[in-house]
Amino acid sequence: MPDQHIVSSFDRDLEGIQAHIMKMGGLVEAAIVDASQALRDQDEELSAEVIKRDQAIDALDSLINEECANLIALRAPAALDLRVVLSVMKISSNLERIGDYAKNLAKRNAVLVHMTPIEGARGALQRMAREVQLMLKDVLDAFIMRDMDKAQEVLERDRDVDQMYNALFREFITFMMEDPRHITPCMHLHFIAKNTERMGDHVTSVAEQVIYLVSGNMPDENRPKATRLEAE
Amino acid sequence: MYDAPILGDAVNQKTTKISARDVQVYYGDTHAIKDVNVDIDAKTVTAFIGPSGCGKSTFLRCINRMNDTIDVCRVVGDIKIDNEDIYDKRVDPVQLRAKVGMVFQKPNPFPKSIYDNIAYGPRIHGLANSKADLDVIVEKSLRRGAIWDEVKDRLDAPGTGLSGGQQQRLCIARAVATEPEVLLMDEPCSALDPIATAQVEELIDELRNQFSVVIVTHSMQQAARVSQKTAFFHLGNLVEYGDTSQIFTNPQDERTQNYITGRIG
Amino acid sequence: MTDVSPTSSLLTVDDRTRRRNAAEKRFRVYGVIAIVLAMLALAGLMTSILSNGLSAFKQTFVTLEIYLDPAKLDKDGSRDLDKIRKVSTFGYAPLIKNSLQTQMDSPGMAVEGLKAKDAAKMVSKEAAAEMRRFVLNNPDMIGETVSFKFLTSGRIDGYYKGRVTMESAERDSNISPEQLMFADKLKDAGLLKTSFNWGFLTRADASENRPEAAGLGVAILGSLYMMGVVLFLTLPIGVAASIYLEEFAPRNWFTDIVEVNISNLAAVPSIVFGILGLAIFINFAGLPQSAPIVGGLVLTLMTLPTIIISTRASLKAVPPSIRDAALGVGASKMQAVFHHVLPLAAPGILTGTIIGLAQALGETAPLLLIGMVAFVREFPGAPPEGLFDPAAALPVQVYNWTQRADPAFAERASGAIIVLLVFLLFMNAIAIILRRRFERRW
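In order, the protein sequence lines correspond to chains P, X and W. Under our numbering, read the first sequence as residues 1 to 232, first letter to last. Under our numbering, read the second sequence as residues 1 to 265, first letter to last. Under our numbering, read the third sequence as residues 1 to 442, first letter to last.
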């Protein structure tokens, strides 16, 4: 934004909610990284910490909602400002959901620690989480830079995550068919994969908000997700 | 361009009521309005917004030739109402003003009774043949002005004794009494408190069923609330004209963006 | 952080504030002094005029029983009006003398050294003329004894107003102490009385020798005629000119010149208008001198600029929103002006007009030049023909009387000033009432 509002406190309020989003994004990224690391290392302690830290994300979400409500009521934002507020509210709830999935990951970790490890799954899951975390980082950069191309790129990268999920899905089915004792850990691992895939969807939703924020228009609906439907 | 999915607007196809082509207005040596082209729809509220001195009021006053009363003012270009050029030599501005009513910034009832305020226009235009006719017109106009219930028991009281909001609605009633087709409003709520403003805005929304309303306003929120179309003027230029919802969520021009978001631009 | 010094306390007044307060106080004192001076001047003026002039409204009258002697008035007894008319006022003088002789003969009334001939001088010279008028109107009263209420002479009147004393009478050829003594006796007998003098307001001017008979009648009527002419001409012309200039005229160099000249005309000394009137109306147009029509025309010229300026001011004071409102509902310019602007400006226009009229009423100089200063005994006829008859005007009458030798005229002049002031007050009161009545808020 090259130029400023005549009322400078309006600028400060707008910057404030966006700073909250960035902070929240940082917390969510950390939650994803730590949860996947805890999964790989079977680290119960780290899992517990991830679960605990989700409270901070939830608190930030409600803080952002409150500040957005105030901003709408007091400043009556229009055009670009209105889009900033609207996208901040949506992104905030997306991030909050991603945080919840990370927490869910960590909870399942705690159960998986006591089960037979499944060969190779953990590495794949961690790569998937890593990809989602990178997407999230990029989309937040795109948000703060108002970079529509980058957001579009993130949107397309969701396909990779979907493909990873599909691959894992088939792998888990094979494992379960091999040995019924693998069913319980595989179900847990599948849910972890599914949740990670959902995180990716939320990241794409954030990317869509970035595109709306910058252009004023929502992106086209035909985003790459057909492969997933085929798999199910 | 992205079309906001507004229900209703897409259904009834609007016809153009006023069409301006290459309108220029000069005040002496000052070029106040530059190349304005706009098509204003019938039975629609069109809002003109823009910073002070941007020419929106000047353009509004061109539509009923109120600028004729200013000696140094010169209008070039075509303004057509129902495809008739209102600046044609054969057009008598007095007749035009009966067809294009106007409501002003400050409520300005005549210092006469409420009844006479409404009856004045119909009287001078010979719209009523008898006292009974006139009574009917007065009641109908006051009802259209959404003020009948408040004044029906005191039609003989002076119009200047009403509250500001009532006075403004009286002025609107006076403007509709001559059965105009277009209603021009020059910042009609700038002298009113929020309650009176809301009442007038509600009234404007009702008037849309019968008249083409053009409203100049300094309040962007008001433009957003009452209008279906919005035109943004800046330094004598018509910068952007489009659906109000589009102008207020996704303006195409940076100047519009800066103005409606309150930025230094 | 600025240091908080003790001077920043609100409880102590700093030097600057003290100086400012002192300046304000001084200014108020100047104002009060100015007003007091003005009030004193006004009070002095009013006291002087009232103390000199109020007595003009009182006059000493003597009531006499007159025997209308047929031997004097109608020698052949034919009661023929033409013959009676031949008897001049000199023929009536003896009747008064006889009546006074009768009075002096009654017990206790005689004054040593006073002859009836001298006593008759105590009665105004107007008395004989008054009797003659009565007889000519009622010829059948000849031979009867009629009670007349005559004006006393100016000196006797002055005696009861303190202007003439026994000492001054000794040195005065027009009056003697004996006459004064006789007057006192008449007064004791209830024949001589001082009462309200309607004649002052109704009579015409009188000659140098009979101040007691001089009245303002012709002057008041002349002034009223002139005001009528002024009102009749200035209101339509002034209002029409103002409306045109204010509402219709294009703004260009020509109207600018007209405007500047109207303002200039308002500042032109009134005597210039007198010269103009003399040249145009009398010498060129051949209108009669001393006529109210000419006076009215001259005063019209003088008043027009004032009225145009005040009318334009009140037209300007009508908010433009009213004009917009009228034009907005499709009224033509003319309708907007006549239906809305003019009624709102009316109180201002009327006040301006009345104040202009009041100014014209008090104007003397231009009237002197067009001959309104002439001595006029005859009342002008009814308008419109009467407008061409010679008449006087109130301020000119004042000027006239102050020029005369007899001190009784000085009293009359002050009285005339009071009448003039009453007229002016009356007109201003009307102006205020009109303003109150029609003024509306918009």
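The set of hints was computed from the structure by calculation and includes no laboratory data. Model, not experiment: these values are computed from the prediction. We put the beta carbon where it would ideally sit given N, CA and C, even for glycine. Any given hint could be a false lead.
[Unchecked claim] Computed list of lysine-lysine pairs in PhoX-like fashion (alpha-carbon distance at most 25 Å, straight line): (1) W:K97 x W:K25; (2) P:K23 x P:K137; (3) W:K25 x W:K121; (4) W:K115 x W:K25; (5) P:K52 x P:K150; (6) W:K86 x W:K58; (7) W:K117 x X:K99; (8) W:K58 x W:K115; (9) X:K80 x W:K193; (10) X:K106 x W:K58; (11) X:K106 x W:K117; (12) W:K333 x X:K112; (13) W:K72 x X:K112; (14) W:K75 x W:K25; (15) W:K125 x W:K187; (16) W:K75 x W:K58; (17) W:K72 x W:K25; (18) P:K52 x P:K90; (19) W:K185 x W:K58; (20) X:K112 x X:K80; (21) W:K121 x X:K89.
[What the hints assert, rightly or not] Footprint (simulated), chain W over chain X, 3 or more residues, beta carbon under 8 Å: (22) 31-44; (23) 99-106; (24) 192-204; (25) 232-240.
> Is K75 (chain W) within 25 Å of K25 (chain W), Cα to Cα?
Replying inline: violated (87 Å)
> Hey, K80 (chain X) versus K193 (chain W), does the alpha-carbon distance stay inside 25 Å?
Replying inline: The given pair, whose Cα atoms are some 91 Å apart, is violated under the 25 Å limit.
> Does K58 (chain W) lie within 25 Å of K75 (chain W) when you go C-alpha to C-alpha?
Replying inline: violated (39 Å)
> Are the Cα positions of K333 (chain W) and K112 (chain X) separated by 25 Å at most?
Replying inline: Between K333 (chain W) and K112 (chain X) the Cα gap is close to 19 Å, so the pair holds against 25 Å.
> Given as covered by chain W, does the region 192-204 of chain X meet the bar of three residues or more with CB within less than 8 Å?
Replying inline: violated (count 0)
> Between K97 (chain W) and K25 (chain W), is the straight-line Cα distance small enough, at 25 Å or below?
Replying inline: Status violated; Cα separation ~73 Å.
>> So if I understand the rule, the pair passes when the alpha-carbon distance is 25 Å or less; does K25 (chain W) with K121 (chain W) pass?
In response: violated (66 Å)
> Hey, K185 (chain W) versus K58 (chain W), does the alpha-carbon distance stay inside 25 Å?
Replying inline: holds (20 Å)
> Are there three or more residues in the region 31-44 of chain X whose C-beta lies closer than 8 Å to some C-beta of chain W?
Replying inline: violated (count 0)
>> Does K80 (chain X) sit within 25 Å of K112 (chain X), going by the straight-line distance between their CA atoms?
In response: Judged against 25 Å, a Cα distance of about 35 Å means the pair is violated.
>> Run the distance test for K121 (chain W) versus K89 (chain X): straight-line Cα separation, threshold 25 Å.
In response: Violated: K121 (chain W) and K89 (chain X) sit about 89 Å apart, past 25 Å.
>> Between the alpha carbons of K72 (chain W) and K112 (chain X), is the straight-line distance 25 Å or under?
In response: This hinted pair is violated, its Cα atoms lying about 75 Å apart.
Hints 1, 3, 4, 5, 6, 7, 8, 9, 10, 11, 13, 14, 16, 17, 20, 21, 22, 24, 25 from the earlier list are contradicted by this structure; the remaining hints agree with it.
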